[in-house]
Amino acid sequence: MSAVTPEIQRISGMRRFKDKGVQALVYLAFAIAVVPLISVLWMVIANGLARFDMEFLTHSMRNIGARDAGGGAYHAIIGTLEQVALASLISVPIGLLTAVYLVEYGANGRLKRYISFFVDIMTGVPSVVAGLFILAFWILILGMPFSGFAGAMALSILMLPTVVRAAEEMLLLVPNDLREASYALGVSKWRTIVKVVLPTAFTGIVTGVMLAVARVAGETAPLLLTVFFTDSINNDPFNGPQMGLPLYVFDQAARPNDTAIDRAWAAALTLIIIIMLLNLAARLITYWRSPARKR
Amino acid sequence: MATSTQTREGGSAPLSRSAFRRSRGDGPFRYASTGAGILLLVIMAAIAVFLIARAIPALQANTASFLTELTWNANASEPKFGIGALAFGTVISSFLALIIATPIAIGVALFISHYAPRRLASFLGYVIDLLAAVPSVVYGLWGIIFLVPFMRGPSQFLNDYLGWIPIFGGDQVVGRSMLVGSLVLAIMILPIIAAISREVFLQAPKMQEEAALALGATRWEMIRMAVLPFGRPGVISAAMLGLGRAMGETIAVALIFPATFTISFEILSANGNSIAANIANGFGEANDIGRGALIASGLVLFIITLLVNMAARWVISRRKEYARVAA
Numbered sequence: 001m002s003a004v005t006p007e008i009q010r011i012s013g014m015r016r017f018k019d020k021g022v023q024a025l026v027y028l029a030f031a032i033a034v035v036p037l038i039s040v041l042w043m044v045i046a047n048g049l050a051r052f053d054m055e056f057l058t059h060s061m062r063n064i065g066a067r068d069a070g071g072g073a074y075h076a077i078i079g080t081l082e083q084v085a086l087a088s089l090i091s092v093p094i095g096l097l098t099a100v101y102l103v104e105y106g107a108n109g110r111l112k113r114y115i116s117f118f119v120d121i122m123t124g125v126p127s128v129v130a131g132l133f134i135l136a137f138w139i140l141i142l143g144m145p146f147s148g149f150a151g152a153m154a155l156s157i158l159m160l161p162t163v164v165r166a167a168e169e170m171l172l173l174v175p176n177d178l179r180e181a182s183y184a185l186g187v188s189k190w191r192t193i194v195k196v197v198l199p200t201a202f203t204g205i206v207t208g209v210m211l212a213v214a215r216v217a218g219e220t221a222p223l224l225l226t227v228f229f230t231d232s233i234n235n236d237p238f239n240g241p242q243m244g245l246p247l248y249v250f251d252q253a254a255r256p257n258d259t260a261i262d263r264a265w266a267a268a269l270t271l272i273i274i275i276m277l278l279n280l281a282a283r284l285i286t287y288w289r290s291p292a293r294k295r
Numbered sequence: 001m002a003t004s005t006q007t008r009e010g011g012s013a014p015l016s017r018s019a020f021r022r023s024r025g026d027g028p029f030r031y032a033s034t035g036a037g038i039l040l041l042v043i044m045a046a047i048a049v050f051l052i053a054r055a056i057p058a059l060q061a062n063t064a065s066f067l068t069e070l071t072w073n074a075n076a077s078e079p080k081f082g083i084g085a086l087a088f089g090t091v092i093s094s095f096l097a098l099i100i101a102t103p104i105a106i107g108v109a110l111f112i113s114h115y116a117p118r119r120l121a122s123f124l125g126y127v128i129d130l131l132a133a134v135p136s137v138v139y140g141l142w143g144i145i146f147l148v149p150f151m152r153g154p155s156q157f158l159n160d161y162l163g164w165i166p167i168f169g170g171d172q173v174v175g176r177s178m179l180v181g182s183l184v185l186a187i188m189i190l191p192i193i194a195a196i197s198r199e200v201f202l203q204a205p206k207m208q209e210e211a212a213l214a215l216g217a218t219r220w221e222m223i224r225m226a227v228l229p230f231g232r233p234g235v236i237s238a239a240m241l242g243l244g245r246a247m248g249e250t251i252a253v254a255l256i257f258p259a260t261f262t263i264s265f266e267i268l269s270a271n272g273n274s275i276a277a278n279i280a281n282g283f284g285e286a287n288d289i290g291r292g293a294l295i296a297s298g299l300v301l302f303i304i305t306l307l308v309n310m311a312a313r314w315v316i317s318r319r320k321e322y323a324r325v326a327a
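Chains as they are written, first to last, in our numbering: chain A, 1 to 295; chain B, 1 to 327.
Since the hints were derived computationally from the structure, they do not count as laboratory data.
Small disclaimer: the values here were computed from a predicted structure and weren't measured.
A virtual CB, placed ideally from N, CA and C, is assigned to each residue, including glycine.
A portion of the hints provided could be inaccurate.
[To be verified] Selected chain A positions facing chain B (in silico; Cβ < 7 Å):
(1) K18
(2) V129
(3) A221
This is chain B alone, in the form it adopts within the complex (with noise of 0.2 Å):
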């Protein structure tokens, strides 16, 4: 938000200790407050709770090892199922993600913090915002539409002339790869971490940026030793928090991935599955014991993303002049 860089003036002052007698009315208050946000730390760990009491009777019923079967078949009436190959194409898709939105983000948030017009600059900010605001279903929607069959040509590309590439290789080029749809969620991942970098890079301490103008440093040259070193725990925190976006991200992904069961790092053919697209592929037809399988592979998810998620915001919280900036 536009607010969040600037000084604070309120907040818990020391009056608000408990520097006057209590009034009437005051305690329920208190208590409302108090308990909301109480509540808020109970609705987390119901979320583990109920979804650890749904995975248990599933997982007792799995007959294979949950951890290392690559299939899924747990509506049958002996259930065979693992999160093997699942958490592989989340991983695998979320940072091949990173790894094409990162840089571009960076650029962006460069471009808004220390190159557009200064009167251009929160436009062109509320422009790249706009692109977290289409909802995901949509991205689904034009990548099967669009983005497949224009992916084509280039996959094709890929595989004729950098096939020796391992990731490249492979026998047949689909359009429903796991490539395309790591391109959709790097494009929704994007303007996450080019919100949070352009934060930190306008936190910039001014006088250094001033102090190397002065000393006949070129742009790029001011950047790179007063914005890039200032900013660099920042972008870590940020391309985290987008790792952690991209592996929860489920609808684009359960309409783009071919939703198959292997492992497997050739990025064009027909691989590609994570475990938030077969949770939306899959639950339509799941009986009792295959809602149990998904409510258990979502808690794998969960868990992954509250790690991931934990490391950003201890990357952050480590330089108090971040404070704030991630809100």
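For reference, chain A alone in the conformation it holds in the complex (with noise of 0.2 Å):
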């Protein structure tokens, strides 16, 4: 009988071992997926801050040669706060139409659930595909020029579906009181929608459009496809090639001398305090205005 109570002992130390061995492993995943980020916020910080001065923002590339210094990203910011700006204006909407038909109008109709089923599908569309797309359709087949305004319709596609799921995040928290309370006093459904439903929802999907506008700034590929380049300054974006941030930081970066990947890193460096700024914002809007939610 006396054997028993060292044996138990035994094999729970082999237990409390597998515990904390996995433990640890978890511990270390995290660590392991945070040296990246630390990595690369650290070299774009050290290496943008050399030429993240007045003249890059001010000015443009026209007439900077391949190996001059000087020479900035004015023309890259006016074009990727125009391109986002004009994507938003699409894909706003739209989205937030569509949010409205799959909570209020859909009753899980055979159209609701593949409405649904294809804005998940459409979150996974890759950004190279939806400017192929604009290209194709758009550049090649309607004889459009290369133009912001097209990269904006680009960008729109990428955004939808991020904007149709945040809005009808929102749209779902609100209390079904509410649109009871509304129709109890004969407001009619669309009016009960535009007046109490989407003002209770605002905040929330204001987040969400947020994020998702700061999940497309970044995006380059489809700039690449449908606004070209361009090293002036163009502020019409209905009309000839621009440029955008990414796209900048992509055309610098693959050129071989010093000045350019200097100019690429500071480029790097203001698409990231755009980007983290809207992040922020964002969070931001969520914390102070949390209507009544717990977590």
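With the hints in hand, could you dock these two chains into one complex?
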């Protein structure tokens, strides 16, 4: 009988070892995942600051030779802001209406299931395919020129599913009591949606849209195929090639000399600052205006 | 998103069906929202239709077999191009990325859902999500400037000591190899796999977890018995979504891959290319047939990713408990 106790302890020692071992592996996995993030951010900041100055933010690359120092990304910043704004203008109304359909009108019909399924599938469409689609449809078949607007259309295809899902989430969170109270007062359905449901979900939707914008602001491949390149400032997104910050990074990174690499890092820093600001703003809005959500 | 684990209150209640008379203005609004939903379906169909429309002329001008030809001379007067080497590179590099990323992503997901202090968990989740916020082109820049030189040593080490394993073999080890490209892909797909796995692990039945602990299970035994079996389909689906993401990833690999047209499993040698990288690298100098050829290759990529994504969604939708996890 006396042998029982030590035996149990021996097994429990093994079990404790496994438990601690797995715990160590899990901690290690997290550490490994954070290393590239720190490395990327550190290199972008350390290398980007070298050229992150007023000249960089206010000048284009016009008349800057391949080996010259100087030059900037003003044309790319303008391009990115215009393209992203246009992409939001296209995708937000469509995405919002689709979400309204899915939540308020769909009523578990077949069409709702199809749309819901294809929204999921659409999140998986590679960005380069979205670019090729606009290239084939808008530029090659309709004969339109390369332009910021074409890029915005490609970006909006990538934004759409994110906007739909975010808006759908938020509309589902609106309590049914609010809808029923509105119906009980004799308010019609569409007015209930516009005046009661959407305002209640508003902050959440804004957050979702900003995260979607942050996601597409860094997309390069669709711009490459639809906006093309330019070294000059082009303020008109509907006419002629533009530039975008991600494109600018890609363009400069592929050049072999150090001045170009410095510009690439500075542009990467600018891009990351824009994206992080959008992310931060989105988080702050949810943090401040979360309508009685418990976690 | 943080909200995806919550219970839903709203949605299509019985009332929204047609419990009351339609009033003026409701019709147009209903049609507009239905129309927006249908537009989404139309866009998906249009992507396929227009890619096919532009691919056909180039495929007809092709003097080699599109499926088996290894080279890509689409701009020549006698265009010869094929998807073979590119599709091979896409699949191999994506699977390599998946093999690297999945175990780490599962560890990260477990860490956030079951190990980290609860107050820190959502913040740490946000840190991992930041990995997804870094643009692809920045990873590409980081890859060629930092990771390529950095990986020379480890690659040489693998070749010297593990060279007898075919994938680490080869006579010349290069910096811009398939391994480095796959590493960058792994970093880029890690956050999506981790995020979905985390959501699934968080939804594991609390009663079973507590029952396991109450019976004296250690934390790992509890996870093995209550969390992992529940989460397995979700993790598989997450990995497949990550695979789809890796296959479509363009700019980072366009900067890193050596853009060769070879079929070889030697991941340390100068092999490595993908459909997406070839589109980004080849578009600038492509003529009319060349663009059509690139569009044809994009169509292949679209179909592959579509199938992978559909399979992933199918796996996840079979389980009712996972409703809305992958949103």
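Hint-by-hint comparison with the structure:
1. K18: 6 Å, holds
2. V129: Holds, because the Cβ-Cβ distance from A/V129 to chain B comes to roughly 5 Å (cut-off 7 Å).
3. A221: Holds. Min distance 4 Å.
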